[in-house]
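Given two chains presented individually in distinct reference frames, assemble the corresponding complex, making use of the accompanying hints.
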Amino acid sequence: MKALAAITGAGCTKVGEHWERSLLDLAVEACLRALEEAGNPPVRALYVGNAASELVNEQGNLAALLADALALEGIKAAEVRAGDASGALALHQACLDVSLGQEGAVLVCGVEKMTDVMAPEVERVQMLFEDSRSTFHSGVTVPGLCALLTALYMERYKASYEDIVLFAVNDHRNAANNPCAQYPFPITVETVMGSPLVADPIRLFDTAGIGDGAAALVLTRPEEARKACDAPVAVVASEVATDRVNVCEREDLLCLRSLRLAAKRALKRAGLEINRVSFFEVHNTTSILGILALEALGLAEPGRGVELLREGEIAIGGRCPTNTMGGLKGRGHPWGATGIYQAVETVWQLRGEAGKNQVEGAEVGLAHNMCGLGSISCVHVFARWEVVS
Amino acid sequence: MSVPRFWREIPHKYRLVGSRCRSCGAVYHPRRPVCPSCGSRELEDVRLSQKGRLLAFTVIRRAPSDMADFRPYIVGLVELEDGVRVLSQIVDCDPGELRPGMELEATLRRIRVHGSSGVIEYGYKFRPVIKWGPEAGEGKAE
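Chains A and B are the protein sequences, given in the same order. Residue numbering for the first sequence follows numbering that gives the first Met the number 0, beginning at 0 and increasing consecutively. Residue numbering for the second sequence follows numbering that gives the first Met the number 0, beginning at 0 and increasing consecutively.
Here chain B stands alone, though its shape is the one from the complex (with noise of 0.2 Å):
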């Protein structure tokens, strides 16, 4: 990925930003020009929120040449607490621990490195929600 790019993409990447429609309130990510629910040009960006539920998930065993390195991966398919479904990273946990319909919050955490121009890539991935205080034992990951 070129530098440009990369750049570009950090609100979308970093931060969850996706797309409100202004005139029926359907949210989208990543971003749209269009909305495909009732046609509206008008959308307006939106951080999304950082809190879902797992709807499905798989293990990468056979990955793409630049991610290679961080082989095997969980990959998940995330329903926001706004409704909205991202594929993302499940990190700090077992694929054995996952089950469909837990709570996950997302963090920020490398990507890849790129070959060429020596950036490297931050964004979301997901966790399995930390719970602190007392009902949370010693802090564990649930």
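This is chain A alone, in the form it adopts within the complex (with noise of 0.2 Å):
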């Protein structure tokens, strides 16, 4: 295993309704702690993850914007767009920029201020993440695109909707230690079942919520990570694979494409087989894509995810420990910043710090997040400085 980069520094907001700040506000507050922690380094990079600030905040050009407001200046910046997949293929532009062997941190930050307008106008603005000639006309919503799924997935499989949402169950039992996420507090599938329905059979608590949040991360080259800190955590593998945007042309409805190309990239790019992967980030907007990103990465036959949940292997102590901070369900899912999110809380796990949620002697980390139902899906693998050589 090699570092293609290091993790010197890694900060975030806590995911919530924060009515009194601005999309800004939150990118500055993320970026000075990752900074703060990497010791302050001269930055010379800045990537920026967002989604959709022009629609929903009434503001585009981040990347220069979030620079000047850093006092970053003269700076090389960037802003990179994917809907809900922003915050990781921010990253993986990151990675890049550290691969051309420059001196000097490279900063990257993922951020969604997504209360500045209504649910409604939210569920409009994702579905502009997919092909907007279908989900417009149809009026098909992404959970409205999960519902489907989970309708096929439930007949094909013989599944009950109960056993699906025991995902939404992990996420929140996790995210009531994570002093970051949106809902820390456990739930049961009776909680699920009672809440309203949202796309039959999908019910509000099977649904990531609306929030705003902002998490960074600071970046040197290999050589540099001792030097700029006593613990930083490396990236072994960045990847990014695309699948049909319009899911009804895919071949099998059920099986994220993009992430199991990103994926199998990734362990081959850092060498590793999955079973040594200690614990795993996956993208779940709905249950049902959490448990086809279980199936996708090789954890379970297709078909067999539900398995998983039912025996609580995707637990802390299990067998894959899976959404260990909370996932997109629990910790919560401000768009273009969730993929930063899933790093930040992966460096937590890989120096020991993830408190009551620590996975025992955790050594690599793998985190997946997508934009949509997979149209894009990036991989990263991370691991403890002292496995990588």
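Everything labelled a hint here was simulated from the structure, so no lab data went into it. It is possible that part of the hints are untrue.
[As the list claims (entries may be wrong)] Partial selection, computed: residues in chain A whose CB lies under 7 Å from chain B: (1) P119; (2) E120; (3) E122; (4) S137; (5) V139; (6) A150.
[What the hints assert, rightly or not] A few chain B residues that face chain A, going by a derived Cβ cut-off under 10 Å, partial list only: (7) R61; (8) D65; (9) P99.
All values derive from a computational prediction rather than experimental measurement. Ideal Cβ positions, reconstructed from N, Cα and C, are used throughout, including at glycine.
And the structure:
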């Protein structure tokens, strides 16, 4: 295993309804936390991941705006946009930048401020991340698309919805111990089944909420890592893959092909087998996507993902601990920030700072962030510095 | 949606016009410039079958801002007779009447009204097949 880049600082805001704070306020807080942790190194480049600031916050050109707010005068800055995969895609671009071999730190920030508009507008904007010729014409929302997949999954594999939503229950159990989570409390299957229907059979407590948040990382070249901080975390793979945007066209609607491809490339790059990964962060806008992610990663055969949930294998202490700090459902899902939250939480796990949710002996973590129903998947593999050559 | 975009998408929305690959015969909707099955760039417009069967459906209860008036509405995954799958609202029936595999046909309906331009957008939706003639009883939707 070889490091592509070293993470020397990680920071985030709590995910929530930050009525009094702007998009820029949140991004600045996350960046300053990450920079302070990294010892305030000279920054030469900034990458910002954001899904929809023009539509939601009436503000574009976030890269220059954030560089300016942080007084990082004259640096290179770029914004990365790929719906709710924007965060991890920004991290991918930052890793590429680090690989140029230039001196100085690269800052990457994921930020989204969703509460500047009402919920029906959030629903509408999310439909733009799919092929809007289909979504707008049919009126299908992203939870609606997930509902169709859930129905197909239940029919093909004779699964029950009560078993599927164990994914959301797992997220909430882990979020309860995450100080930055939007919903830090446990729920039960009954909580989900008692919540309102959003798109049958999907219920409100099976869907990621609407929240604001920002997360940031400081990256350096591996050879500078030890100089910069005591406990760097290595990025050992950063891979991206695409799939048909229109889910109707996919040969198998229940296969997240972009994740399958990106994970295969990432594990090959890292020189690892999947069983060497200590824990997983996956993209579960709804439970069905979390289950399909486990299956696409090869942790379960198609149709057997629910068994992992029933047997407690995705819980901390299980065979493949998943969404260890709350995932999209529990921690929250501020679209363009989610991929960086996953990375920040992975850093906590690999530094042994995950508190009650610490995965014992965690050496390698894998994070999966995708847009919508997998039109783009980003997979990052992170490792403790000690296990990297 | 802008008026030009609305106008541009009329074939796609009124007549279910998609693309057929001249090389391998694969059919797509919406239209495509390059065939993902064989790589050919020779695709022609084709009017798709107006009939299909239901694969799965949901009832949208939390709707986007510009479709809130229709809430709740049914959205189905429909496989057309040409093998193409489309997403469409399912109308003229209750969710309780729908079963995977049942036959549906296209019908032209109002999609939404645009706030700023006032343009009324129409397009296909699907409904249970209406059978005419003696075997259909009183001509009621099946």
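- Among the hints numbered above, which are violated by the structure, and what are their numbers in rising order? Violated hints: none at all, because every hint is consistent with the structure.
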